[in-house]
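Sequence order for the protein chains is A and B.
Read left to right, the first sequence gives residues 1 to 420 (the working numbering).
Read left to right, the second sequence gives residues 421 to 840 (the working numbering).
Just so you know, these hints were derived from the structure itself, not from any lab.
Every residue gets a Cβ at the ideal spot worked out from N, C-alpha and C, and that includes glycine.
Among the hints, a few may not be true.
Sample of chain B residues lacking proximity to chain A, with all beta carbon distances greater than 10 angstroms (derived) [claimed, not checked]:
| no. | residue |
| --- | --- |
| 1 | Met421 |
| 2 | Gly422 |
| 3 | Thr478 |
| 4 | Arg484 |
| 5 | Thr492 |
| 6 | Leu518 |
| 7 | Arg570 |
| 8 | Thr608 |
| 9 | Asp692 |
| 10 | Leu704 |
| 11 | Ala733 |
| 12 | Lys734 |
| 13 | Asp746 |
| 14 | Asp760 |
| 15 | Asp784 |
In silico DSBU-like pairs for lysine-lysine, Cα to Cα no more than 35 angstroms straight-line [stated by the list, open to error]:
| no. | chain 1 | residue 1 | chain 2 | residue 2 |
| --- | --- | --- | --- | --- |
| 16 | A | Lys20 | B | Lys734 |
| 17 | B | Lys448 | A | Lys142 |
| 18 | A | Lys233 | B | Lys734 |
Number of protein chains: 2
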Amino acid sequence: MGIIVQKFGGTSVADSEKIKNVANAVIKEKLNGNDVVVVVSAMGHTTDNLVKLSKEITSHPSEREMDVLLSTGEQISMSLLAMAINELGYKAISLNGLQAGIRTENCHMCARIVDIDTTHTVNLLKQGYVVIVAGFQGFCGKNEITTLGRGGSDTTAVALAGALKADRCDIYSDVEGVYTTDPRVVKTAKKLDMISYEEMLELARVGANVLHPRSVETAKLYNMPMRVRSSFKLDNLGTLIIGVNQMELNKPVTGLACDSTQVRVVICDVEDKPGNAARLFNLLADRNLSVDMIIQSYARINNNTNDIAFTIAKSDLEKFELIKSDINDIVKASNIHIDDDIVKVSIVGAGMIDRPGIAAKMFDVLAQKGINIKMISTSEIKISCLIEKRFANDATIALCSAFELDGAKVADVKGDLPVV
Amino acid sequence: MGIIVQKFGGTSVADSEKIKNVANAVIKEKLNGNDVVVVVSAMGHTTDNLVKLSKEITSHPSEREMDVLLSTGEQISMSLLAMAINELGYKAISLNGLQAGIRTENCHMCARIVDIDTTHTVNLLKQGYVVIVAGFQGFCGKNEITTLGRGGSDTTAVALAGALKADRCDIYSDVEGVYTTDPRVVKTAKKLDMISYEEMLELARVGANVLHPRSVETAKLYNMPMRVRSSFKLDNLGTLIIGVNQMELNKPVTGLACDSTQVRVVICDVEDKPGNAARLFNLLADRNLSVDMIIQSYARINNNTNDIAFTIAKSDLEKFELIKSDINDIVKASNIHIDDDIVKVSIVGAGMIDRPGIAAKMFDVLAQKGINIKMISTSEIKISCLIEKRFANDATIALCSAFELDGAKVADVKGDLPVV
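Take these sequences, add in the hints, and give me the full structure.
The structure is reproduced here in structure tokens:
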């Protein structure tokens, strides 16, 4: 008899009927002979509604008070789920972040978990309770409420599974598993039975938003097997995410993701002197601006300047505008050009490492479709190309076909862009 | 410079505009040079909506989980109020029951406060913060969430004021103060500038639901001056509630209340033997049924039986029906008769004690109107008469006039019953 941690997202607990459905999924696992710990998100649009309320009061809410406010969302869903499990005749008890001993850093709205004291949870499991824990939240100091930021509930589930030495962490949502690419774009995209943490991380980072990278990183750290599965199709085992060493066979390319949430920034004619790039990216880091796909061109012989290009998230553009003049002061650029007519298409696969020619094949497939590559970045198990937005679907379909990520035939593509 | 505790009810924080209004009321008191602690209820219908959600899940929710669920209501309003005060440029911080050190009995949904550790609150006040505390909730054990039941937020405010040795506890709501009688029935009812705890307690118990008796009892215990005032008319000082010794003048009758929430129960032909009444009322007490206005008739000479009559709350009728057969087993009654066509009209005044003839005058006024009195109960400062419901308004108006509880003329009476 082991411990299984189950996590249910906001859509899975959106109303009382769905909460009853989750209660059934929990009891199904309990009847398999396991101790069950359940992590829940806030119901449906609860968090959005709370954020809306705060915006009616102020445009600059205190981060501490936002955590006090938002943490109520999971406290509501966890207590309702406990009641629903009781109603089925089983013992259940709900714990908020503090009660579950989830200690975080001393900061608000994006705190990281530093320690989980599982004593209380383990005691309750021994007494036969299903223990329901609020996702997304923890505490710091004596009793200060903190939240974990985006992807928080998945991270709670995996970290808790690690601390409890659980057998597995199951992430239930409205998708049936991890697909080779977005099934809303390529209808014949294949569901993967298995994927490694490393591949999932690259897919998560490049925009396949099934799981937040934080939770996958945490699972990798604990070597905790995760399952991504549907809360509406309980018989479907979804996709198992495990260590790359535990995979039987590494396909060269496991998945493809298309990310339309980035913009390209080109800083033109930066004086080519030591430390300029460092100063530039330090400035961006100070403002918490994450940068991807950096390219610095060779210095032009004539005027000793070069161009620096990189991508940032569209949602960070506002922050970026605020420091444009600082950038000019530092690097004396002739122009700062922002291009939002781009998408980043990436192929991912742990098998890439010992199979040369994958990058060449990717560039070739794009070239054959007449698609110009604006930027390239690579990691050991990922190759990303920045291309014009209008080519997003063509590139997705051609690459899926070339790397066998789809079924027999390519589906009709709807919309003008992959929805990621 | 002293400490003022302010309490704002659900209607005062019902939406973001009203919360901003409350922020102004708080800052007004702060600018008077006082340290301010604010106790808030949940916004408007939040609690009702949470109860509704729980009912969709189960008809018998765990009391512990109900406390987890309902306590989120005040946590939402307190954080929003903190943001609204910040927005006005002042320091504010919100604390839930646990964070505010409000320790209660180890039970759920109607816990009593046993201790308040004010260390954290006092520290925050010293740092210049307005401290906002969730009403209605506390904690027991290590971090278990409890709630205080009906009248809970008022009780939190008064107990906190007592523990902080505050100068005053102001209860803000949508009424302007305590009136001689319900101003919705007798339009010329007078607002009292001052009333004693004892009188307020009797008025509160007999149905003038401005304040819950628990909060008045707590204020009396700490000898804490309370003010009942309107959150929408901040210049109006409302009604001050203080110790009877501090009152300059005790009028014989201060107020009148009419309570239509009771039913009369008559248990007929109870065998007249020692211990029967004790057994009966022990049975009721075991089921947590509060009883009022007990009358036992003289034993009939012929058959050695008597009738026992008492009143209980209408809302307890369902509980009462469950033990009717037990009552029959114990006291061998010939019949149990329930009469819900009654109201209890009560006059209250600390000056009654040393002025004989008040009761006689009350009975006389009712008799002159042809109103039959079905039951009578008295305390040192209160006389209550049970009468037929159809006479409620006539009795109210006649008694107000006789005891000078109204203005020059008696208002038109609307509705068929005083709304209490």
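Here is how each hint holds up against the structure:
A cut-off of 10 angstroms between C-beta atoms confirms that Met421/B is not in contact with chain A; the least separation is 25 angstroms. With a least CB separation of 26 angstroms from chain A, Gly422/B remains clear of the 10 angstroms interface cut-off, as annotated. Once the 10 angstroms rule is applied to beta carbons, Thr478/B is inconsistent with being away from chain A; the minimum gap is 4 angstroms. Non-interface call for Arg484/B relative to chain A: violated, since the shortest CB-CB distance, roughly 7 angstroms, does not exceed 10 angstroms.
Interface exclusion of Thr492/B from chain A breaks down, the closest Cβ pair being 4 angstroms apart, not more than 10 angstroms. Non-interface call for Leu518/B relative to chain A: violated, since the shortest CB-CB distance, roughly 6 angstroms, does not exceed 10 angstroms. At roughly 20 angstroms, the least C-beta separation between Arg570/B and chain A is larger than 10 angstroms, which holds for a residue marked as non-interface. At the 10 angstroms boundary, the C-beta of Thr608/B stays outside the reach of chain A, the nearest C-beta of that chain being 40 angstroms off.
At roughly 47 angstroms from the closest C-beta of chain A, the C-beta of Asp692/B stays outside 10 angstroms, upholding its exclusion from the interface. With a minimum CB-CB distance of about 29 angstroms to chain A, Leu704/B clears the 10 angstroms threshold, and the non-interface call stands. With 10 angstroms as the threshold on Cβ separation, the claim that Ala733/B sits away from chain A holds: the shortest Cβ distance comes to roughly 26 angstroms. Separation of Lys734/B from chain A is adequate, the least Cβ-Cβ distance of about 27 angstroms exceeding the 10 angstroms criterion.
For Asp746/B, the condition that its CB be more than 10 angstroms from all CB atoms of chain A holds, with the nearest at approximately 28 angstroms. Interface exclusion of Asp760/B from chain A stands, the closest Cβ pair being 33 angstroms apart, more than 10 angstroms. With a cut of 10 angstroms on Cβ distances, Asp784/B stays outside the contact zone with chain A, its closest approach being about 56 angstroms. The hinted pair formed by Lys20/A and Lys734/B meets the criterion: a straight-line CA distance of about 33 angstroms does not exceed 35 angstroms.
Straight-line distance between C-alpha atoms of Lys448/B and Lys142/A comes to about 32 angstroms, which keeps the hinted pair within the 35 angstroms bound. For a cut-off of 35 angstroms, the pair hint linking Lys233/A to Lys734/B is broken: about 48 angstroms separates their Cα positions.
Consistency with the previously given hints fails for numbers 3, 4, 5, 6 and 18, ordered from lowest to highest.
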